[in-house]
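So the sequence lines, in the order shown, correspond to chains A and B.
Residue numbering for the first sequence follows this note's numbering, beginning at 1 and increasing consecutively.
Residue numbering for the second sequence follows this note's numbering, beginning at 1 and increasing consecutively.
Pairs count within a copy or across copies, as identical chains cannot be separated in the list.
The list that follows gives simulated cross-link-like pairs (lysine to aspartate or glutamate, EDC-like), each with its CA atoms no further than 20 Å apart:
#	residue 1	residue 2
1	101	356
2	101	325
3	177	213
4	101	354
5	101	353
6	101	67
7	177	220
8	38	21
It should be emphasised that the hints constitute simulated quantities derived from the structure, not laboratory data.
Small disclaimer: the values here were computed from a predicted structure and weren't measured.
2 protein chains.
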Amino acid sequence: MAESEVNIHNYHVDLGVRSYDIHIEPGCLDGLGQEMAKLFARPTRCMVISNVTIAPLYMQRVRSSLEQAGWAVSECILADGERYKTMESFGLIMDALMESKLSRNEPIIALGGGVVGDMSGFAASCYRRGIPFIQVPTTVLAQVDSSVGGKTAINHPHGKNMIGAFYQPKLVWIDPKVLTTLEMREIRAGIAEAIKYGLIRDPDFFAWMQDNEQAALDLDADVLARMIHTSCRHKAEVVMADETEQGQRALLNLGHTFGHAIESMTHYSTYLHGEGVAIGTVMAARLSEQLGYAPEGTETSIRACYQRIGLPVAVPQFSATQWLDAMGHDKKNVGSRIRYILLRGIGDAFLAEDVDPDAIIRLIDSFRHG
Amino acid sequence: MAESEVNIHNYHVDLGVRSYDIHIEPGCLDGLGQEMAKLFARPTRCMVISNVTIAPLYMQRVRSSLEQAGWAVSECILADGERYKTMESFGLIMDALMESKLSRNEPIIALGGGVVGDMSGFAASCYRRGIPFIQVPTTVLAQVDSSVGGKTAINHPHGKNMIGAFYQPKLVWIDPKVLTTLEMREIRAGIAEAIKYGLIRDPDFFAWMQDNEQAALDLDADVLARMIHTSCRHKAEVVMADETEQGQRALLNLGHTFGHAIESMTHYSTYLHGEGVAIGTVMAARLSEQLGYAPEGTETSIRACYQRIGLPVAVPQFSATQWLDAMGHDKKNVGSRIRYILLRGIGDAFLAEDVDPDAIIRLIDSFRHG
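With these hints in hand, go ahead and build the complete structure from the sequences.
Set out below in structure tokens:
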């Protein structure tokens with residue numbers, strides 16, 4: 001079997017009328033137009049949403065593929081970065097959609113990382129009360145996590161992802177070859193989200209990631225492909241079991257209650273999302289040990305893994321009040337309680353509904369410098 | 001049977017997990033808190049969204065009812081009018097929700113007319129990717145139409161209801177007694193939307209409305225109750241058959257393709273929605289006659305009915321280009337075609353997919369003054 005065939009994977013996300021495929025294939029970017037022609041009765045108009053970093057690299061190839069398949073393509077190019085995942089950017093997308101006069105049956109294509117995907121998906125969910133959208137993720141983070149599962153959103157100044165929708169794409173089209181143009185920092189941050197599946201539900205995958213972390217950082221094609229398709233399989237399984245996060249889907253938020261607070265307190269300008277999640281996961285691991293759920297050494301093992309990859313693990317210094325405030329706005333907050341995803345050990349996460357705020361204050365204190 | 005019991009009606013809108021009740025009962029406003037206590041496991045926090053006209057009249061009664069049932073109530077009071085159904089108002093609601101820290105299980109209550117209901121429902125669909133919401137409609141238009149069925153939206157400067165979601169309420173709680181404080185103009189506009197059900201699918205109801213239009217204008221309790229519950233029954237039937245407007249729900253847009261264009265061209269500041277729909281329905285009736293679908297006299301009969309009620313029927317003067325532009329942005333536009341709801345006669349509407357734009361230009365010309 002040729003190497004490229006080994007690395008072709010297809011997962012069907014079965015959600016009834018909202019079902020779709022995740023297709024992973026090195027070089028598939030140029031086949032997007034043809035695939036979309038199969039999905040839609042006839043090619044008409046579409047809009048590709050991207051950002052100023054990704055568009056110069058891949059827009060022309062995507063446009064050519066679409067136009068050759070008969071699509072009329074318009075574009076919407078946004079600023080790059082989590083701090084632009086705002087109501088203002090959402091307004092710009094809406095203006096572009098109105099300008100293009102896209103109808104209810106004509107799709108948006110999200111070409112970019114998690115920010116582009118989240119905003120494009122939310123825009124697709126709202127414009128004319130919902131039009132189709134396609135995810136073409138171009139970062140590790142988006143390929144292993146955010147492009148699958150239909151969580152779309154923009155940030156509010158006081159909380160991440162507070163304005164959004166559960167809205168599934170019609171197709172997730174993943175070309176791992178596009179990762180070769182990524183900055184190393186983006187690659188490291190994405191690997192953190194892949195490791196998350198190991199920590200939550202697959203200890204063998206965590207062990208495999210530890211054995212192959214250097215190869216992943218070197219963008220070894222086979223290692224990347226396995227990392228991506230294993231992640232997508234886990235994500236698809238969880239989403240099929242709990243599409244709107246009534247239960248087990250919340251486990252995917254391991255490290256996110258702290259991570260979102262870190263991103264929010266630093267105004268989305270200091271840490272990449274995956275970096276915030278890495279630090280947050282170290283915090284969740286220590287909390288799990290402190291509360292007697294996880295065996296000693298769990299935090300150390302996770303921390304060492306992140307450090308070898310080159311991810312930040314130092315907890316930024318804010319007051320306990322700042323932390324609690326920032327987490328009180330987290331979506332995982334039910335009523336007055338704050339929900340935490342904790343570990344019983346590597347590969348075994350669970351949802352703790354009733355963590356005492358005092359335990360959180362002690363945790364924060366234990367990370368104080370000096 | 002006491003008069004009040006005659007006028008109590010309950011319809012169950014069966015949409016699987018999104019099912020809910022429409023309850024119509026004179027004086028039921030004061031029972032809202034008790035009813036909500038039945039719907040939620042335990043009363044926690046909620047937010048009532050209203051506007052500067054309605055809040056002074058009914059907020060205190062709603063608040064008392066909720067607080068007596070154990071709810072902690074916060075408020076968000078918006079400006080009054082369709083021209084405030086904007087991204088800016090949506091942002092104000094989001095700010096209020098973030099400030100109140102409402103969690104995923106705590107509801108929004110929309111206390112007001114169609115604008116308040118549409119914006120509140122859209123905000124509920126987006127905040128934390130969806131929280132429960134309750135419709136407490138206070139205008140005729142909202143009680144006979146917009147509060148039922150889950151169409152939520154805000155306007156874009158270039159098109160009405162272009163940003164929104166299909167998002168069903170958990171309850172529609174209708175107290176016809178609150179209509180006594182409405183301005184006559186609002187009552188007339190709401191009656192136009194009730195008459196719509198007669199024109200689309202119920203000629204007997206159209207005849208009954210003609211016989212009872214003066215009583216409706218005089219706010220006769222029995223006539224209002226019958227007008228509201230018949231309208232809600234029709235709306236519920238159509239929504240159950242076609243929740244997301246893939247087919248027959250589009251018929252409810254009779255008069256709306258022209259009506260939305262009228263509202264948009266006059267910047268939402270000249271006509272109430274129901275007034276725009278009345279004019280638009282006269283236009284749709286003439287188009288139906290011109291294309292040979294409806295018998296001669298259809299337009300005359302509808303026009304006369306509206307005139308007796310005191311609704312505007314004169315078509316505002318814009319160029320054909322302005323009309324087509326304004327309608328090209330209408331949600332009923334599939335691809336390059338514009339879809340129109342036409343009549344085969346009173347009580348028999350249908351969807352025409354392929355109306356020649358030249359026919360529209362001839363129609364516009366036929367309404368030219370002088």
